[in-house]
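Engineer: Position chain B against the provided structure of chain A, taking the given hints into account.
For the protein sequence lines, the chains are A and B, in the order given. When we follow the UniProt record's numbering, the leftmost residue of the first sequence carries the number 1, and every step to the right adds one. When we follow the UniProt record's numbering, the leftmost residue of the second sequence carries the number 1, and every step to the right adds one.
The hints are simulated quantities; they were obtained by calculation from the structure and are not laboratory data. Just so you know, not all the hints are guaranteed correct.
No more than 25 Å apart at the CA atoms, straight line, and that leaves these computed lysine-lysine pairs for BS3-like [to be verified]:
#1 Lys276(B) to Lys288(A)
#2 Lys149(A) to Lys276(B)
#3 Lys265(A) to Lys67(B)
#4 Lys155(B) to Lys276(A)
#5 Lys276(B) to Lys155(A)
#6 Lys60(B) to Lys276(A)
#7 Lys276(B) to Lys60(A)
#8 Lys328(B) to Lys313(B)
#9 Lys265(A) to Lys276(B)
#10 Lys288(B) to Lys155(A)
#11 Lys67(B) to Lys276(A)
#12 Lys47(B) to Lys313(B)
#13 Lys149(A) to Lys149(B)
#14 Lys23(A) to Lys313(A)
#15 Lys265(B) to Lys60(A)
Protein chains: 2
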Amino acid sequence: MSPVTNARVLFNEIPQGYPDPNKTVVYDDSQTIDLDTVALDGGVLVKVLVLSIDPYMRGKMRHPDVKSYSPPFIVGEPISNFAVGLVIRSENPNFKVGDHVSTFAPFQEYVVYKDAAYLRVLENKENLPWSAYVGVAGMPGRTAYHAWKEYSSAKKGEIVFVTAGAGPVGSAVIQIAKAEGLKVIASAGSEEKVAFLKSIGADVAFNYKTANTSEILSEAGPIDIYWDNVGGETLEAALANANHGARFIECGMISAYNSTPYFIKNLINIVGRELKIFGFIVSTLASKYDEAFYKEFPQRIANGEIKYLEDAKQGLKETGQAIYEVQKGLNKGKSVIVVASE
Amino acid sequence: MSPVTNARVLFNEIPQGYPDPNKTVVYDDSQTIDLDTVALDGGVLVKVLVLSIDPYMRGKMRHPDVKSYSPPFIVGEPISNFAVGLVIRSENPNFKVGDHVSTFAPFQEYVVYKDAAYLRVLENKENLPWSAYVGVAGMPGRTAYHAWKEYSSAKKGEIVFVTAGAGPVGSAVIQIAKAEGLKVIASAGSEEKVAFLKSIGADVAFNYKTANTSEILSEAGPIDIYWDNVGGETLEAALANANHGARFIECGMISAYNSTPYFIKNLINIVGRELKIFGFIVSTLASKYDEAFYKEFPQRIANGEIKYLEDAKQGLKETGQAIYEVQKGLNKGKSVIVVASE
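Next up, chain A with everything else stripped away, as it sits in the complex (with noise of 0.2 Å):
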């Protein structure tokens, strides 16, 4: 067989504020692939399905000598992250032709893994579309489970407030709380999306675009368990209302992420509500807690127990969009880029 086009995202200037659809990262179909012929030196070649489209993504948007961590991409290459794959040619036993795969991957329709670590056979009993294992099933449902796990010390009755409740974090905190009888409120940036939340067993569901998150807390609080995917304004609304030894769970500030950071004025609540307040990334947490989520939270997402949002643009070209929207919160659901059909 004849090479076949490659096509890929190269990630192409640093933006300032928010990414921009059509500068900050360019589709390329200048490179082409032999299937048949490439080296695979003893490793696997992946036809990519499903590549997902994160939050964090936009911190690694960043001049290479700004440390952080998660590496940052690089000018003229293509973006990376979490995705789903076919094996279509091996040379590791541990992988076979038809087999499909999670994993870290380049945005571009066909990758060879020499290293095949980053590689995890999906064995998939319960027939969850392959997406789900870049959303609720993947990275966003492990940050959910992992992080609720270690940190929110959750006992029956309690209030957690949970932001950015429509996406695949969010929505599996939600869930989960609620699965361990707390009382959830959430909040999300639409009125459909709030419908979601009420769909899903959240007790208080509001559109922080329309009504004062304060007021609310106020009524519906004092929060034991805050889930931050936000920060700022609303960090400060949930300090305001923390009841005395609330856990702070701090998954991300995503309003922190394209602007300058907001003006937090009562960080001093800290001290006195003797609040508790962690940071994490989940891939520190994941030696511990992945075989057990991996055992769970497939079947519980097949039985209907926790559901999700998925939000799919088709093919490579929409991925400048995709990162866009989800800066700006306007995607409905997990964001995932389908690739390729099998």
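Structural biologist: Frame of chain A, contents of chain B only:
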């Protein structure tokens, strides 16, 4: 015996910004007490020897409608704080005349405790100065000891940054950390205090008024533990120079007690560096650690392992000035009011 004056210090007005040495509290000698005949109703009569002046008292100088962990001072009533006193009459079998007690007392010369629950007899086998029991052997020492045990997760060779290092809490933390084999960076607000920090073992000591905190932490860090007494710009510097997985022990934020809080711009580091931040009030940890503290710490003070500075003022009339100096950081060591000799 005829009645004697029972001088008091009354809360006079809620301060805006820093307390005013002459207006926030006022000295009052209008009351008398008959020490021989005052009714005890089964309680004890205590002559107050020493009263403590602590930073946290600023939080009690608020409108009574504002809730906080510690009850507000009431305008027209005596202020109150930790104290050491001498039992001069007793109808309670657990206390005898001549006992020294640590207690929580109104700022006045004589106090009748009908309920003796606040009183603890001080055996003082170590023969410490009685004032130490409102300082390094009392609440501030317990603050350092208890929270270090509970939250530091300290390991030999790690680096801790201690603010307000010359104060009773900070100086205890420095010496606890040194004894456990940590490298200590400590700050204070004068050259004299910096000399004290060095004398008690701080590896790096600096005057935060003349040096750049972030630069010093950048050179001597990154820090694994941050003991925060000040908040604000210093907390921002600690966030900027925190090691991955660092623990922040939030003991106080005096920079925000008397003025608008500083705008901290790098809270996002909490997430990316997986920081753990612990606010606490020492009373919450008392039942867990008091026994070990009283068994161990006075002995370490007596044998010179734990050193401290004391800034003693003579007489209740000095209370307003002492309160002001503590909020301004002008005190040179633990601030105490010596009310009477025995």
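Engineer: Look at each hint and say if it fits the structure.
Structural biologist: Results for each hint:
Between Lys276(B) and Lys288(A) the alpha-carbon distance is near 18 Å, which keeps this suggested pair within the 25 Å criterion. Between the alpha carbons of Lys149(A) and Lys276(B) the distance comes to roughly 16 Å, so the proposed pair stays at or under 25 Å and holds. The hinted pair formed by Lys265(A) and Lys67(B) meets the criterion: a straight-line CA distance of about 17 Å does not exceed 25 Å. A threshold of 25 Å between alpha carbons decides the hint, and for Lys155(B) with Lys276(A) the separation of about 21 Å falls inside it, so the pair holds.
Taking the CA atoms of Lys276(B) and Lys155(A), the gap is about 21 Å. The hint holds against a cut of 25 Å. Straight-line distance between C-alpha atoms of Lys60(B) and Lys276(A) comes to about 23 Å, which keeps the hinted pair within the 25 Å bound. Proposed proximity of Lys276(B) and Lys60(A) is supported: the alpha carbons are some 23 Å apart, at most 25 Å. Note on Lys328(B) and Lys313(B): the hinted pairing holds, with a Cα-Cα distance of about 16 Å set against a maximum of 25 Å.
Using a Cα cut-off of 25 Å, the hinted pair Lys265(A) and Lys276(B) holds, with the two alpha carbons roughly 20 Å apart. Distance check on the hinted pair: Lys288(B) and Lys155(A) sit about 22 Å apart at the alpha-carbon level, within 25 Å; holds. For the hint pairing Lys67(B) with Lys276(A), the CA-to-CA distance comes to about 20 Å; that is within 25 Å, so the pair holds. For the given pair, Lys47(B) sits about 18 Å from Lys313(B) by alpha-carbon distance, which is consistent with the 25 Å threshold.
Restraint check: the Cα-Cα separation between Lys149(A) and Lys149(B) comes to about 24 Å, which is no more than 25 Å; the hinted pair holds. A distance of roughly 18 Å separates the Cα atoms of Lys23(A) and Lys313(A); the hinted pair therefore holds under the 25 Å criterion. With a C-alpha separation of about 19 Å, the suggested pairing of Lys265(B) with Lys60(A) holds against the 25 Å cut-off.
Violated hints: none; the structure is consistent with every hint.
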